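**Q** Whole structure, please, built from the sequences with the hints as guidance.
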Amino acid sequence: MKLTEPLRIGDRDYRSRLFLGTGKFGSYPLMRQAVEASGTELVTVALRRVHLHEAQDDVIAHLQLPGVHLLPNTSGVRSAKEAVLAAQLARESLQTNWLKLEIHPDPRYLLPDPIETMFATERLAKEGFFVMAYINADPVLCKRLEEAGAAAVMPLGAPIGTNQGLQTRAMLEIIIEQSNVPVVVDAGIGAPSHAAEAMEMGADAVLVNTAIAVAGDPVAMAEAFRLATLSGRIAFEARMGAVSKQADASSPLTAFLVNE
Amino acid sequence: MLAVEREEMIRIVLNDDELVLDQDCTVDALLKQLSMAEAERIAVAVNDNVVRRSDWSSYRLNDKDRVLMIAPIQGG
Chain A
1 MKLTEPLRIG
11 DRDYRSRLFL
21 GTGKFGSYPL
31 MRQAVEASGT
41 ELVTVALRRV
51 HLHEAQDDVI
61 AHLQLPGVHL
71 LPNTSGVRSA
81 KEAVLAAQLA
91 RESLQTNWLK
101 LEIHPDPRYL
111 LPDPIETMFA
121 TERLAKEGFF
131 VMAYINADPV
141 LCKRLEEAGA
151 AAVMPLGAPI
161 GTNQGLQTRA
171 MLEIIIEQSN
181 VPVVVDAGIG
191 APSHAAEAME
201 MGADAVLVNT
211 AIAVAGDPVA
221 MAEAFRLATL
231 SGRIAFEARM
241 GAVSKQADAS
251 SPLTAFLVNE
Chain B
1 MLAVEREEMI
11 RIVLNDDELV
21 LDQDCTVDAL
31 LKQLSMAEAE
41 RIAVAVNDNV
51 VRRSDWSSYR
61 LNDKDRVLMI
71 APIQGG
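Residue numbers (the numbering used here), protein chains in the order written: chain A, 1 to 260; chain B, 1 to 76.
Hints are computed from structural coordinates only; laboratory data are not their basis.
On a predicted model such as this, the values are computed, not experimentally measured, just so you know.
Careful, some of the hints might be misleading.
Part of the chain B face toward chain A, derived, beta carbon under 7 Å [what the hints assert, rightly or not]: (1) Ala-37; (2) Asn-47; (3) Val-50; (4) Ala-71; (5) Gln-74.
For each residue, glycine too, the CB sits at the ideal point set by N, CA and C.
**A** Pasting the structure below:
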């Protein structure tokens, strides 16, 4: 049985609507098991300057799983110029045109810089990248990024790593309503219920990292997120009933025991 | 003699480290010197321009070049 519609982003179809970040896992084997348990087909990796005289251990070797694609991010850059170079290096390193564009110069809240993100998206889309832009939940900015050629927009639910859930819910609703490119809710998703909530609202996918990586049992939590994301999507496609203030009986109200 | 030696050497900055290299050192030779030539997912930029892997053996470094060498790590 085909449970949900596949999600098309760029030149690829995804059956799983849960994307995973690979940061903060205690070990590579744990990360790999969580990736497998999540059912994800897209995982992020970061780039870092090579530290000389340090043993190089290759994270990618642990992420080579059937059907799992890599999404390099630009974490650590502070401007559009740096992001463009990071993207070009990522493409060279991983042989992929896919990119999670994130430009967050402020270390306290890690909130993305909309102006630099806009400039970088324009440039990178022209260079043939599938840009998935991490941004604040700003509906106007999302439309501008769409026009600039973003393959997907990734509005945040709450600041990165906070597990606060969909603090930006009202703006996410507008973004989802208006967007012509996939909307991936990223950052702040702290519990499977948050992922389900985003999917029920009509988000095309969610990206989760911290909530899984720092859980007591990351592999079990990955499974919980897999189910919640799938559940939320099925609910969305099944079209939920309307919300109302007054009661509406689920059982017949005709008199049963007493007929007066 | 010293002057001659200086002329034959170049100074570059690799990530945060200053290195002294032979004149005419290629990117490939630099990576070999660092025992990183086999590293599959290293990417290199010189003065903010990516040097593709296929060009490593022909690209000669110059004095004062800024070399950026990156590799993938875990991240969200």
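**Q** Hint by hint, note whether the structure agrees.
**A** Each hint, compared with the structure:
1. With a cut of 7 Å, the hint placing B:Ala-37 at the interface with chain A is violated, because the nearest CB-to-CB distance is about 12 Å.
2. At its closest, the beta carbon of B:Asn-47 sits 11 Å from a beta carbon of chain A; the interface hint therefore is violated under the 7 Å criterion.
3. The beta carbon of B:Val-50 comes within 5 Å of a beta carbon in chain A, closer than 7 Å, and the hint placing it at the interface holds.
4. Among the interface hints, the one on B:Ala-71 holds; its C-beta lies about 5 Å from the nearest C-beta in chain A, closer than the 7 Å criterion.
5. The closest approach between the C-beta of B:Gln-74 and any C-beta of chain A is roughly 5 Å, which is under the 7 Å cut-off, so the hint is satisfied.
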